[in-house]
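**Q** Taking the hints into account, I'd like the entire structure generated from these sequences.
Residue numbering for the sequence shown follows my numbering, beginning at 120 and increasing consecutively.
These are calculated hints, taken from the structure and not from any lab test. Note that the Cβ used here is the ideal one computed from N, Cα and C, for glycine as well. Hints may be right or wrong, so weigh each one.
[What the hints assert, rightly or not] So the derived label-pair ranges between C-beta atoms look like this:
(1) H433 x D307: 21 to 29 Å
(2) D490 x R428: 34 to 42 Å
(3) E486 x H147: 16 to 24 Å
(4) A136 x C212: 44 to 52 Å
(5) G241 x D490: 53 to 61 Å
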Amino acid sequence: MGSPFHLADALDARREAALLRTRSAVRHEGAHLHVAGRDYLHFAGNDYLGLAREPLLGAAFAEGLTRFGAGSGASPLVTGYHEAHQRLEKSLCDWLGVEAALLFNCGFSANQAVLKALLGKGHRLWQDRLNHASLQEAGSQLPCTMQRFGHNDMQALARQLEPGAGLIVSEGVFSMDGDLGDWPSLCDLAAQSGNWLMIDDAHGLGVLGPEGRGTLAALGIGPERVHIHMGTFGKALGVAGAFVAGSRELVEYLTNFARTYVYSTHMPPAQAHAITAAIDLVRAGEARRTHLHGLIARFRAGAKGQGWRLGCSHTPIQPLLVGESEAALHLAARLRERGIWVTAIRPPTVPVGTARLRITLSAAHGEADVDALLAALAECREACHG
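**A** Structure, rendered in structure tokens:
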């Protein structure tokens, strides 16, 4: 009997369109990646401060395992909420200047939890067109009315807004373009219209602002102007997991009504212990951020000098725009031949015709690593246009 799901047809269609996704088993070592016995310079991850291999962070995780064991043992409203989770939440509040915080196993879960718990029939949801898939998917499944506005198009958003009708959501740093949301305008529009405002700062937290407090701090915006803060621990903080923060009332509400929180086994307390240590490292990590931003400037100057088309980003996410999916795959393959690991990003992750290499920089890199990347790009460009 045949399958009712037509799996092979769907896979064949993606393969023919150069959109098939595959996995590679890897081993990380700082700025390097080991894949199938070969060493590569790694420019495809989100470990922006190089903390994932930081010995002090590893020691904190090991200490947490010794003190708390390997797992939480239950969902947070049963017996899975440990003292280590409580300490982490307090550390987040102190760092970010918010009243309360709630921990989640991943950013996807956190974003879905917020939208599904808050928005019902009669509400409206406004999203930047380039928001993460977790936000777009949740919005499309809800009984509320969702409208998307053009990327950072504040005039379009202003035309769509209705007074006190729901929630505006945008990102601090956009994950595929590396640019910042227009947060001064977003805050003004939310206040003027009486709507709530949510930031997904997964890619800004730890990298931007004083003590790495993120996009809002970098722009001089007080945290009280944004009702809901979401951030993740698996990027600049080097561990895993996520949080939602805001008022005590918001966190109490989500504790009761966010289904992915109520019905999921909580993150291991050892992980929470390690994240608390990561926050301390990030807050004291100005030298790492200074080094990182120097590498970003070095890469952008070199790539532009070679004639490559870059996005308008001054964050660790540096999209090198190619256009067609096959061309992006071909360029990524040429770089791998030269010992550089970069990922080609294709539709549906990005719009059709905007396939790119998503080059990411880390404080674990040195200037020589960036120069090696630029040299490989120059060779590829010469090969393509020679």
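**Q** Confirm or reject each hint.
**A** Against the structure, the hints come out as follows:
For H433 paired with D307, a C-beta distance near 23 Å keeps the hint of 21 to 29 Å intact. For D490 and R428, the Cβ-Cβ distance of about 20 Å falls outside the hinted range of 34 to 42 Å, so the restraint is violated. Checked against the given bound of 16 to 24 Å, the beta carbons of E486 and H147, roughly 21 Å apart, stay inside it. A C-beta distance of roughly 46 Å is found between A136 and C212, which places it inside the suggested range of 44 to 52 Å.
In this structure the supplied range 53 to 61 Å holds for G241 paired with D490, their Cβ-Cβ distance being about 56 Å.
Figure legend: structure checked against the earlier numbered hints; the only hint not met is number 2.
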